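Asker: As a plain string of letters, each chain reads:
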Amino acid sequence: MTLATLHDWVVTVDHKRLGIMYVVTGLVFLVIGGVEAFLIRLQLSQPGLTLVPADTFNRLFTVHGTTMVFLVGIPIVFGFANYLVPLMIGARDLAFPRLNAFGFWILLFGGALLYFSFIGGDGLYGAGSAPAVGWFAYAPLSERAFTPGNATDYWNLSVLVTGFGTIATAINLIATITTMRAPGMTLGRMPVYVWTMLTVSAMTLLILPPLSAAQIMLLLDRFLGAHYFDTQAGGSAIIWQHFFWFFGHPEVYVLMVPGFGFVSEIIPVFSRKVIFGYATLVVATVSIGAVSFSTWAHHMFTVGMGGTLNSFFAASTMLVAVPTGVKIFNWLGTLYGGKLRFRTPLLFCCAFLFQFLCAGLTGIMLSVAPFDWQLTDSYFVVAHFHFVLFGGLLFTIFAALYYWFPKATGRMLSERLGRWHFWLLVVGFNLTFVTMHFPGLLGMPRRIYTYPADRGWDMLNLVTTLGVPLQALAVLIFVVNVVYSLRRGAPAGNNPWEAWTLEWATTSPPPAYNFATLPPINSRRPLWDVQHPDDPDGPHE
Amino acid sequence: MSSTALRGRAGVIGFILAETSLFAVFVVAYLFYIGKSLTGPFPQDVLELPIVNTICLLSSSVTVALATRALASGRVARAGAWLALTVALGLAFLAGTAQEWRRLIFERGLTIGTNLFGTTFYPLVGLHASHVILGLVMLSLCAAFAWSGALKAAHTQRVELVSWYWHFVDGVWIVVFTVVYVIGR
Amino acid sequence: MSVLHAIETPNIFAPVSTPAFAIRDLSFFVLAITAAIFLIVAGFAVYTLIRFGRRPADPDREPAQVYGSTQIELAWTVVPLLIVVVLFLVTARYVWGLERRAQPPDALEITVVGHQWWWEIRYPKLGIVTANEIHVPVSDATRPTPTFITIQSVDVAHSFWVPQLAGKMDAIPNKTNRIWIEPRRVGTYVGQCAEYCGLQHALMLLVVVVHPQDEFRAWVASQQIAPPEAEATRPGRELFSSLACISCHSVRGTPGNGVFGPDLTHLMSRSTLGAGAVRNTPGNLRAWVKDPAAFKAGALMPAMKLDDAQLDQLVGYLVTLQ
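Residue numbers (our numbering), protein chains in the order written: chain U, 1 to 541; chain V, 1001 to 1185; chain Z, 2001 to 2322.
Keep in mind that the hints are not guaranteed to be accurate.
To give an idea of the chain V side of the interface with chain U (calculated C-beta under 7 Å), a few residues [unchecked claim]:
#: 1; residue: 1002
#: 2; residue: 1010
#: 3; residue: 1015
#: 4; residue: 1022
#: 5; residue: 1034
#: 6; residue: 1035
#: 7; residue: 1036
#: 8; residue: 1094
#: 9; residue: 1095
#: 10; residue: 1105
#: 11; residue: 1108
#: 12; residue: 1116
#: 13; residue: 1123
#: 14; residue: 1150
Read the hints as simulated data drawn from the structure, not as lab findings.
Bear in mind the structure is a predicted one, so any value in this text is a computation, not a measurement.
All C-beta atoms, glycine included, are put in the ideal place defined by N, C-alpha and C.
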């Protein structure tokens, strides 16, 4: 890469380039977060190991969680949106290209700040000043009285700063989707994926500021002697939890719902059928977004809120499962009666369907508050949320990568390597995370750096760890696939998958201005209409 | 309305929504901790209703609206004058806040670390004041551009967006006033 | 030495106490529903993928485009909603049932206070203070004798979790929580802190020993008396009283009334040291007093920097605290 090319990328405000930069950054942090997980699993593979000392272990799980949510999930989700949304609605770029670039660079800065903590402070030995308060930093543990030094501040500031970037990107996406759609592209004709991004962008606007507020309060406590969460001065530990989870629960929907959007685009193309129940999917998406705001305290069933609140949050959590489940049915309804093409994107979507079903069902178990009193804070819930974010979100991300890589680069990824990647990941993921439910059922709490040999958890932890090398190999194969295909992949052409949405109506990769001309937009599938002038979608919708 | 103008409106609305969410949490924290301070001074002991401050700030919403209207009809100089008055009223508000804080800190001994009242009062009012400062910077720039002749009627929509932000800041003050000086006392 | 039965795996599906039984019953109901949903949906998915994944006779012709079906979509929205309603009603019944359990006037009351990284255990009405190990009487189904536990914390959030006895309840500073247990089987049941509370969160063992009624009364009696003062252990006792030990620890009958660390009056009646860091034997006790961090890095008890002679004297005294 020449200096001039590097310069172009650094100063770019083009949504396509920024989108790629976001996704690549997220994937790099995925590998880093994966290494952290590997070390955690190594330490827990047998009882009483001392590979990783307690201090380092606590830092590892804190940074692993923080990385995966804020430096992998959010960047990849918003990175894809960056790339795809303008193309899907027939726009030339996002509404505010410079704000877009700002969002990316502040993410990078925040990530660097978090990882600088490993070498700041005490230096590398003992993992320096990396935070060790857990990714949700419960008070008062995160207060200065119990965690002196700067480790927690690295967590606080890096997440605060990346949060501003996410808010900026959300504003950008909302402005783009509401005001820059091409003529004919009504809201009711937008791809489901764009609806998911509109929904989660609106959610982001409402949930990220509360997190920022809570973090500012924690900073004030730690640096200016305020008492927001200082229980010794009458402050409340619980209010941190309320503020955090008011952000934290909708946040996991912000992460997952775009994954639903990917699936809603990919399944129809590889079934050769229109999406079954577009309107239902859109209503379900918006409903999930709205109802998710009422569920946060299901993370706090054991805090002692009392029967009324416990019951309310159980009800709201069960309620949000309904539109989520409905989506699964719509996807199955799309596959049914189709002519399925089992290329790599569809393979990942199929695994997603089963894995996300499991995730949703364990979520139902957790919504039953008394059952949650046993399951929460144990390895059962750790298995649950990895099923959502790894078996769910990450699998859809890989589907999306295989699906849109040709559009972004002009080359196809290797199907053969894709299959190896897929099967290794499915086996490795399920070996680890199906197994992981059981130590939780047998009383193993989360966030412990070791456990005794007399509890009956030994074999389960060993098997859990054994899935990790398979996952690592799968991801390695993916990286090899990308590097190889960038140079030697088969040329993709405009529309290698015979898809129907606008991004496939331009070259691969698209020119800087995206579209030389747009096809007429009279339905949700403009290219279907072009190919089937005798039976366009419009009258059916 | 041009596409750029629409975009700008959507962006500012989104920004204001995010800011509302941010303030809401500080308001909730304030409300939650009412009556929970373990030691004094307590709100009823030290807070005085900031009537003059409030009148200044709320009037500035009127003046900024008048400024936008003047600009829309091409009266740039008049718009500049109204903008300058808005800034002056905003500065008066800030001066009043500074005076109040000086009294609270040095005469009544209330700091952010004194008790839960101090902890929740200063960040809430301070967050609002910081937004006032930001707004004043933008309004001052607009006033300066009006004075220099760079501001034109074609820029009305942009100035209107700044005025929306300013109205938002005033709206937040109404909430803060109610929560801190009425409910909390 | 305490009566320590063999430890069972703390399986939530092997309850011994009424709340844990209730939760298990509820969980079976939930698992039945979720299993049925899984079988139906996954089964349909497998069927669909196989049937429509077969190589079609005319791959180039697009299949029939089905845009949706209001009836079907309504059905698959309403049915889950109904399931949710039923699930919620059952859940609410258990939530309130468990919370509203009336406390009999003569019920045993225990206060558990979470510390970094040990559990302070008090029996307020019986005048007993101990650490990390709870002893309760077994409850007879005909005449239940539940134990009501008040849960607090002095520092950060912890969580009290003994899976076979009840669901977990957090120990939150500045807040008082309450749970109840009603063990129906004699035995020893373990748990540990279930809310990340800092460096040694992993080493906050909870041991609950359920005794037959008469054995429990004997335990109470043994805990209520102050340890006898033998002449042989006077040097050790005086060492204990004169060193910084007493600023953190209490032993009834000595000047020691510190509350920062565990009460040591009946130290040797407990099965572990350091809340599960190591088994409580004289040898381990000596090593612990010499340098707690060797067993539990970061423990808030400092190494007392005693020489061997002092250690022998001190430990010689401590092992008499039965």
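Asker: If you check each hint against the structure, which ones fail?
Answerer: 1, 5, 6, 8, 9, 10, 11 and 14
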